[in-house]
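A.B. asks: Going line by line, the protein sequences match chains G and S.
First residue of the first sequence? That's 61 in this note's numbering, and the numbers climb one at a time after it.
First residue of the second sequence? That's 17 in this note's numbering, and the numbers climb one at a time after it.
It should be emphasised that the hints constitute simulated quantities derived from the structure, not laboratory data.
Treat the hints with care, as some may be off.
If you want a taste of the chain G side facing chain S, the calculated C-beta under 10 angstroms gives, among others [to be verified]:
| id | residue |
| --- | --- |
| 1 | Q66 |
| 2 | N101 |
| 3 | G103 |
| 4 | L104 |
| 5 | F106 |
| 6 | I111 |
| 7 | T112 |
| 8 | K162 |
| 9 | L163 |
| 10 | T164 |
| 11 | G168 |
Below, in silico cross-link-like pairs of lysine-lysine (DSBU-like), each with a Cα-Cα straight-line distance of 30 angstroms or less [what the hints assert, rightly or not]:
| id | chain 1 | residue 1 | chain 2 | residue 2 |
| --- | --- | --- | --- | --- |
| 12 | S | K117 | G | K82 |
| 13 | G | K174 | G | K137 |
| 14 | G | K82 | G | K174 |
| 15 | G | K109 | S | K117 |
| 16 | G | K129 | G | K118 |
| 17 | G | K109 | G | K129 |
| 18 | G | K109 | G | K174 |
| 19 | S | K29 | S | K42 |
| 20 | G | K137 | G | K118 |
| 21 | S | K42 | G | K137 |
| 22 | G | K82 | G | K137 |
| 23 | G | K118 | S | K42 |
| 24 | S | K117 | G | K118 |
| 25 | S | K29 | G | K137 |
| 26 | G | K82 | G | K129 |
| 27 | G | K118 | G | K82 |
| 28 | G | K129 | S | K117 |
| 29 | S | K42 | S | K117 |
| 30 | G | K118 | G | K174 |
| 31 | G | K109 | S | K42 |
| 32 | G | K109 | G | K137 |
| 33 | G | K82 | G | K109 |
Think of the CB as a built atom: it goes at the ideal place given N, C-alpha and C, for glycine as much as any other residue.
This is what each chain is made of:
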Amino acid sequence: AQSVAQPEDQVNVAEGNPLTVKCTYSVSGNPYLFWYVQYPNRGLQFLLKYITGDNLVKGSYGFEAEFNKSQTSFHLKKPSALVSDSALYFCAVRYFKAAGNKLTFGGGTRVLVKP
Amino acid sequence: DAGVTQSPTHLIKTRGQQVTLRCSPKSGHDTVSWYQQALGQGPQFIFQYYEEEERQRGNFPDRFSGHQFPNYSSELNVNALLLGDSALYLCASSLSALAGKEQFFGPGTRLTVL
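All chains, full assembly: derive it from the sequences and hints.
C.D. replies: Right, here's the structure in full:
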């Protein structure tokens, strides 16, 4: 079984400050990990993914994430948050050996960036 | 290049009715997945279609069924609607069903069951 936990329902940060959104996962074997962002009344937009290789992954809009196998974490980060980053963020996991590419999502973290 | 499109945008049905939602994948994509996103929750996987066959299925009852057409577009059908089926239904497409391929999501269909 595979599962994802996003321990914070909401993260508040001032514009210009660093932003971190936490994600931990549980999967049998090596994971494929993804971050998506959802704006109001919109679908999910892909930000970045970890498949293999460098533990630090860079993605869209200045976001990056660090894969930590020992802590089974894949935290999303942005050095300097913008008001426009306010949205709902989802972490998702996929077990790489299983057939198909079904994603298991966390419950989401709402990010509020204040001016 | 059009992304994933879904229709209709919104839908209101009553309990016991049937509904069909439609999805056109991103150009060049051949795999379509459907997810249900209840209010305040993360998306839950319903099923995935590849080569016109259902390849994977999540923990959803048989009332949820689907189809994929030769042009890779897809339909999600829900029979005997329940109040609990009210949700945002998301379609996602990818190039092949390989595990490492990211999925691109459409804007969703908001279904309200009264």
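A.B. asks: Starting from K109(G), check that the Cα of K137(G) is at most 30 angstroms away, please.
C.D. replies: At roughly 13 angstroms apart (the allowed maximum being 30 angstroms), K137(G) and K109(G) satisfy the hint.
A.B. asks: Does the nearest C-beta of chain S fall within a distance shorter than 10 angstroms of the C-beta of F106(G)?
C.D. replies: Check passed: Cβ of F106(G) comes within 5 angstroms of chain S, closer than 10 angstroms.
A.B. asks: Against the 30 angstroms threshold, does the CA-CA distance of K174(G) and K137(G) hold or violate the hint?
C.D. replies: Given that 30 angstroms is the threshold and the Cα spacing comes to 17 angstroms, the pair holds.
A.B. asks: Do the alpha carbons of K109(G) and K117(S) lie within 30 angstroms of each other, as the hint requires?
C.D. replies: The hint holds at about 9 angstroms.
A.B. asks: Hold the hint about L163(G) up to the distance rule: shortest CB distance to chain S must be less than 10 angstroms.
C.D. replies: holds (7 angstroms)
A.B. asks: Answer holds if the nearest beta-carbon of chain S is closer than 10 angstroms to that of G168(G); otherwise answer violated.
C.D. replies: holds (5 angstroms)
A.B. asks: Quick one, are K137(G) and K118(G) close enough, alpha carbons at most 30 angstroms?
C.D. replies: It holds: about 10 angstroms lies between the C-alpha atoms, which stays within 30 angstroms.
A.B. asks: Taken at face value, is the distance from the CA of K117(S) to the CA of K129(G) at most 30 angstroms?
C.D. replies: With a Cα-Cα distance of about 21 angstroms, the restraint between K129(G) and K117(S) holds, given a limit of 30 angstroms.
A.B. asks: Below or equal to 30 angstroms on CA atoms is what counts here, so check K82(G) against K174(G).
C.D. replies: The hint holds at about 19 angstroms.
A.B. asks: Given the hinted pair K42(S) and K137(G), is their Cα-Cα distance within 30 angstroms?
C.D. replies: Holds, at roughly 28 angstroms.
A.B. asks: Holds or violated: T112(G) as interface residue toward chain S, Cβ cutoff 10 angstroms?
C.D. replies: holds (8 angstroms)
A.B. asks: Going straight from one Cα to the other, do K118(G) and K42(S) come out at no more than 30 angstroms?
C.D. replies: With Cα atoms ~23 angstroms apart, K118(G) and K42(S) stay inside 30 angstroms; holds.
Taken one by one, the earlier hints fail for this structure only at number 25.
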